[in-house]
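Start from chain A and add chain B according to the hints.
2 protein chains.
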Amino acid sequence: MNTAAFYHRPESEYAYLYTEDILHIRLRTAKADVKKVAVLMGDPYLLQEEQWYQQETPMTLLTSTDLYDYWLLETSAKHKRLQYAFHITGVDGLTAFYTDRGVYPFTEAFTALPNFYFRMPFFQEIDRFKSPDWVKQTIWYQIFPERFANGDTTNDPAGTLPWSSQEPSRTDFFGGDLQGVLDHLDYLADLGITGIYFCPLFKASSNHKYDTIDYYEIDPDFGDKALFKKLVTEAHNRGIRIMLDAVFNHTGDSAPQWQDVCKHEANSAYADWFHVNSFPVVYGENGNFEGQATLSFESFAFTPHMPKLNTANPEVQKYLLDIATYWIREFDIDAWRLDVANEVDHHFWKKFHTATTALKEDFYILGEIWHSAQQWLQGDEFHAVMNYAYTETIEDFFVRKQITPSKMVAGLNEQLMLYRQQANEVMFNMLDSHDTARLLTICRDNKDLLRATLAFTFLQHGSPCIYYGTEIGMTGGNDPGCRKCMVWEKAEQDQAILHFTKALIALRKEYQALLSFGRLNWLIVADQAQVIGLERIDQKQELVAVFNQGTTNYSFETKDKVRMDHLVLKGKSSYCIQPGGFIITVKERS
Amino acid sequence: MNTAAFYHRPESEYAYLYTEDILHIRLRTAKADVKKVAVLMGDPYLLQEEQWYQQETPMTLLTSTDLYDYWLLETSAKHKRLQYAFHITGVDGLTAFYTDRGVYPFTEAFTALPNFYFRMPFFQEIDRFKSPDWVKQTIWYQIFPERFANGDTTNDPAGTLPWSSQEPSRTDFFGGDLQGVLDHLDYLADLGITGIYFCPLFKASSNHKYDTIDYYEIDPDFGDKALFKKLVTEAHNRGIRIMLDAVFNHTGDSAPQWQDVCKHEANSAYADWFHVNSFPVVYGENGNFEGQATLSFESFAFTPHMPKLNTANPEVQKYLLDIATYWIREFDIDAWRLDVANEVDHHFWKKFHTATTALKEDFYILGEIWHSAQQWLQGDEFHAVMNYAYTETIEDFFVRKQITPSKMVAGLNEQLMLYRQQANEVMFNMLDSHDTARLLTICRDNKDLLRATLAFTFLQHGSPCIYYGTEIGMTGGNDPGCRKCMVWEKAEQDQAILHFTKALIALRKEYQALLSFGRLNWLIVADQAQVIGLERIDQKQELVAVFNQGTTNYSFETKDKVRMDHLVLKGKSSYCIQPGGFIITVKERS
Numbered sequence: 113m114n115t116a117a118f119y120h121r122p123e124s125e126y127a128y129l130y131t132e133d134i135l136h137i138r139l140r141t142a143k144a145d146v147k148k149v150a151v152l153m154g155d156p157y158l159l160q161e162e163q164w165y166q167q168e169t170p171m172t173l174l175t176s177t178d179l180y181d182y183w184l185l186e187t188s189a190k191h192k193r194l195q196y197a198f199h200i201t202g203v204d205g206l207t208a209f210y211t212d213r214g215v216y217p218f219t220e221a222f223t224a225l226p227n228f229y230f231r232m233p234f235f236q237e238i239d240r241f242k243s244p245d246w247v248k249q250t251i252w253y254q255i256f257p258e259r260f261a262n263g264d265t266t267n268d269p270a271g272t273l274p275w276s277s278q279e280p281s282r283t284d285f286f287g288g289d290l291q292g293v294l295d296h297l298d299y300l301a302d303l304g305i306t307g308i309y310f311c312p313l314f315k316a317s318s319n320h321k322y323d324t325i326d327y328y329e330i331d332p333d334f335g336d337k338a339l340f341k342k343l344v345t346e347a348h349n350r351g352i353r354i355m356l357d358a359v360f361n362h363t364g365d366s367a368p369q370w371q372d373v374c375k376h377e378a379n380s381a382y383a384d385w386f387h388v389n390s391f392p393v394v395y396g397e398n399g400n401f402e403g404q405a406t407l408s409f410e411s412f413a414f415t416p417h418m419p420k421l422n423t424a425n426p427e428v429q430k431y432l433l434d435i436a437t438y439w440i441r442e443f444d445i446d447a448w449r450l451d452v453a454n455e456v457d458h459h460f461w462k463k464f465h466t467a468t469t470a471l472k473e474d475f476y477i478l479g480e481i482w483h484s485a486q487q488w489l490q491g492d493e494f495h496a497v498m499n500y501a502y503t504e505t506i507e508d509f510f511v512r513k514q515i516t517p518s519k520m521v522a523g524l525n526e527q528l529m530l531y532r533q534q535a536n537e538v539m540f541n542m543l544d545s546h547d548t549a550r551l552l553t554i555c556r557d558n559k560d561l562l563r564a565t566l567a568f569t570f571l572q573h574g575s576p577c578i579y580y581g582t583e584i585g586m587t588g589g590n591d592p593g594c595r596k597c598m599v600w601e602k603a604e605q606d607q608a609i610l611h612f613t614k615a616l617i618a619l620r621k622e623y624q625a626l627l628s629f630g631r632l633n634w635l636i637v638a639d640q641a642q643v644i645g646l647e648r649i650d651q652k653q654e655l656v657a658v659f660n661q662g663t664t665n666y667s668f669e670t671k672d673k674v675r676m677d678h679l680v681l682k683g684k685s686s687y688c689i690q691p692g693g694f695i696i697t698v699k700e701r702s
Numbered sequence: 113m114n115t116a117a118f119y120h121r122p123e124s125e126y127a128y129l130y131t132e133d134i135l136h137i138r139l140r141t142a143k144a145d146v147k148k149v150a151v152l153m154g155d156p157y158l159l160q161e162e163q164w165y166q167q168e169t170p171m172t173l174l175t176s177t178d179l180y181d182y183w184l185l186e187t188s189a190k191h192k193r194l195q196y197a198f199h200i201t202g203v204d205g206l207t208a209f210y211t212d213r214g215v216y217p218f219t220e221a222f223t224a225l226p227n228f229y230f231r232m233p234f235f236q237e238i239d240r241f242k243s244p245d246w247v248k249q250t251i252w253y254q255i256f257p258e259r260f261a262n263g264d265t266t267n268d269p270a271g272t273l274p275w276s277s278q279e280p281s282r283t284d285f286f287g288g289d290l291q292g293v294l295d296h297l298d299y300l301a302d303l304g305i306t307g308i309y310f311c312p313l314f315k316a317s318s319n320h321k322y323d324t325i326d327y328y329e330i331d332p333d334f335g336d337k338a339l340f341k342k343l344v345t346e347a348h349n350r351g352i353r354i355m356l357d358a359v360f361n362h363t364g365d366s367a368p369q370w371q372d373v374c375k376h377e378a379n380s381a382y383a384d385w386f387h388v389n390s391f392p393v394v395y396g397e398n399g400n401f402e403g404q405a406t407l408s409f410e411s412f413a414f415t416p417h418m419p420k421l422n423t424a425n426p427e428v429q430k431y432l433l434d435i436a437t438y439w440i441r442e443f444d445i446d447a448w449r450l451d452v453a454n455e456v457d458h459h460f461w462k463k464f465h466t467a468t469t470a471l472k473e474d475f476y477i478l479g480e481i482w483h484s485a486q487q488w489l490q491g492d493e494f495h496a497v498m499n500y501a502y503t504e505t506i507e508d509f510f511v512r513k514q515i516t517p518s519k520m521v522a523g524l525n526e527q528l529m530l531y532r533q534q535a536n537e538v539m540f541n542m543l544d545s546h547d548t549a550r551l552l553t554i555c556r557d558n559k560d561l562l563r564a565t566l567a568f569t570f571l572q573h574g575s576p577c578i579y580y581g582t583e584i585g586m587t588g589g590n591d592p593g594c595r596k597c598m599v600w601e602k603a604e605q606d607q608a609i610l611h612f613t614k615a616l617i618a619l620r621k622e623y624q625a626l627l628s629f630g631r632l633n634w635l636i637v638a639d640q641a642q643v644i645g646l647e648r649i650d651q652k653q654e655l656v657a658v659f660n661q662g663t664t665n666y667s668f669e670t671k672d673k674v675r676m677d678h679l680v681l682k683g684k685s686s687y688c689i690q691p692g693g694f695i696i697t698v699k700e701r702s
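Residue numbers (my numbering), protein chains in the order written: chain A, 113 to 702; chain B, 113 to 702.
One or more of the hints may lead you astray.
If several chains are the same, the list does not tell them apart, and a pair holds so long as it fits within one copy or across any two.
Straight line, CA to CA, 16 Å or less: simulated EDC-like cross-link-like pairs of lysine to aspartate or glutamate [claimed, not checked]:
| # | residue 1 | residue 2 |
| --- | --- | --- |
| 1 | Lys671 | Glu654 |
| 2 | Lys673 | Glu647 |
| 3 | Lys682 | Asp606 |
| 4 | Lys463 | Asp239 |
These are calculated hints, taken from the structure and not from any lab test.
Isolated chain A (complex conformation) (with noise of 0.2 Å):
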């Protein structure tokens, strides 16, 4: 038996709350290594009496990866303590005791020492990772608001070009704005979103707002507060929920607190809200020119243009966590999405979290982290990250074909075991985004691949996002081309593409307890064949959906009901998945 691959941490996502009453204890063994696992638990307090280390309880194999099995005991503790240590049993036959000493012989010499057990000292409410339930009940709809649409000329910027007029630049301006949102916010309800991500709204000088003057305002070009508090309204009227981007890793070179500095240098008022290395700092002098990693203060990437913000400064968290509190006192938003989240720093990021749901229990705090972020999700930062890590994980498969099925279930599986079951319930689940080329681009205009890659993602743990224009067809490469105008005139947005995404998002919606609580099994890994089969499972329905990614037809049989399919024939008495196509069944279960 691999002993040297156990691994069990307390107080993590491998031991946590998962309910007020309901404790999740994980475990991870070498794969296809361990026959069985049990654990023995009890109250710390009472192990002389009870003896209670000469019961088990057996744990169930929740997944596997390439490398590894992992195993979960959901449990309770009367008095809201627990000890508890694992019996393993190898395929090998040989047993070990896994315990927070180490491993040992598995003898009552060892078992019925109280300090070798690992511990949940208390069951603790406050520490417990709570996420918003009506994330898991979102779909997503992400908007660029300078290329949404143009619902208002008049405060149209100069040079702005007419709407669709040329593939855009980095420095382009086509005057899309929040009176263009509004004119379709119709739109959306009939599309089914019920979420909206905007890209920054903040006055600042760029199209993608970034680089943000001034926290307080409304940039001009989009409109005012005014008008953002009707669309709150309105959106909540539809039942969206709105969510901003707050840009707090770093300002924009022309916001009054960094001119200050420039100006008065070590001076400013303003000279510890910033990272400064060496003064000057205005651009063109002391290395600081673009790209450059010559910068004399720190900045994002090597940017002279974004000067990071000095987060552990009290005057700047006061600052920031005002214009975090402002916008949901005054506006109602319903959360922020965190630009360059993991560059600030896990102070801040705790006062942030208090201060937001010290206002809305509710609030939703999303983190832009690429990589691992556990550290930011233990229940007191963020609920979720927007999880590249996951969905660049089933594009490796679907898309570019990188990987066979069975290293994309190994990544998603531990891409999952990386956090709570309740931060994987509301996690980001975008394909692409303002940051990445569009998916049906990346898909090389394969449309049936679109289909299969949203539908897939769609059916997975946590709540999935719709990049603007991504349903009706839209293409564009890596920024700028990502960001192109969208597309109103209806003889150019592809309808077909369209209707199976409202289809996809009222599916969700129809089995949205079951997508976000259900149980995940892998039916069908087949790397010969490219064909992925899995099913979403609970108590009372079950969701099977087979996806052919391979050359050639592939035959599933089923007497459940068809919900959702994509070149798929009818045979007398089972399915034809033709080569790209799907299924997705479901059946009642009681």
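The following block gives chain B in isolation, referenced to the frame of chain A:
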């Protein structure tokens, strides 16, 4: 190669800022399975430009346990951001690329992928674990106040027994008090200790005072606030720091808040200060009997005399934080030891850390946790824990002879790898306490063994603690035996042990920097001979110690200066360490 045994976790004890600029990166691999490890690393925004993934920086084998090898790289980052991943070469010659997304072949197809790397997104000084320097220099002395010295008979409680007149029961009083400590401060200064850890001093019913009635009063049996203030001043004058015991998990059942709940039940203003499941809560009713699992409220263990405080209640937080800061503000204490710290919530401890360190930047926070404690040692709660898991492992070999030298070394190394280096530097290493039998008693009165065990512990990372009386050879079993009256008659003190303890303390002070920061290497781990040899080494000095716990003489050759020895005979060209003996030598390296 056992790839399933690889382990790394960003932003944990596996990747942390040691100083403002120095990052420690650790990696775990299966024992003796890996030949070498190199790190590929660089700035996230310079991966393309610099192609830094084509350069490798070797890791050092830091330490080993029975199952694992641990590797270390100390590094830095010019722009305070780092991406990194591991190139691992097995003893079997196979290679692997261990990344944030799992294990892959070591090929440029993977090493060039920016999103595959682990991240230290930004070196956040505010998030860095900082441990107080003075603790690294401290030798602690634990005082159980009721039993140290009776300096003022006028404050003796009714029924006080004559000092040392009998073995203590759980309810006896012998009159120990603060004046007694004050009277013996010069004794402590002469002994050489530089910190006193006081068991609770606040008003309470019992002799141990863990059942607090009033956190704002010194127990009248011990003295008053003026006397305590004098004691702190006099201690500080002698270079001795003061640590008090904060019993915040629970209060005593005589505390006015609990009494109010007993009387007014759900209508009490303090009803939500505790965890009440059903009323009444008075002793003797509704299942509320000593030691019964039927208690109608949460308590410490199962005693109705210690109702658990609801630290999630903001009123309770305010109350306890005011107490925590009051004794710093008004009396200038240097540290809090936190009783039953693991059963109090993390939110509260974070606030506690903020409030106390705001008053004294180098305040020391020590949690009573007997099991693995990573979640409390992230830098924003405690600085250290009472290191029972470490010292019990020492005792399991030296004292109880339950494990081999190699198992002890494995256990100690495993414990060291649970925490950041700066946490290990301030761990609280006690071999006995008011909660355990005395060291000499578990040594079965073998004073050679006591010496060896103490000396071995004093050479470890962390600050050692002497439990009152251990320095003069006092004995005693578990509570109440370990709480006997301090022996003050010189004739009844073991002067040889006292002399030895002084010498050991002096040695620890002389080589403090080496013992706090120097690397620990295990030179001899002889299971057959029962001999342990270790080295502490830095750029200036090298200290070597060899302990013979076997039954035959052990010959040890050295040209270094002998700094301390016991049961050692000097031969012609070597030293003969007799059974039970040990030798400590030092060499200047520069």
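Comparing the hints with the structure gives:
1. Lys671 / Glu654: For Lys671 and Glu654, the Cα distance is within 16 Å only inside one copy (12 Å; across copies 76 Å).
2. Lys673 / Glu647: within (14 Å within a copy, 71 Å between copies)
3. Lys682 / Asp606: So Lys682 and Asp606 fail the 16 Å test inside a copy (26 Å) and across (94 Å) alike.
4. Lys463 / Asp239: both (15 Å within a copy, 13 Å between copies)
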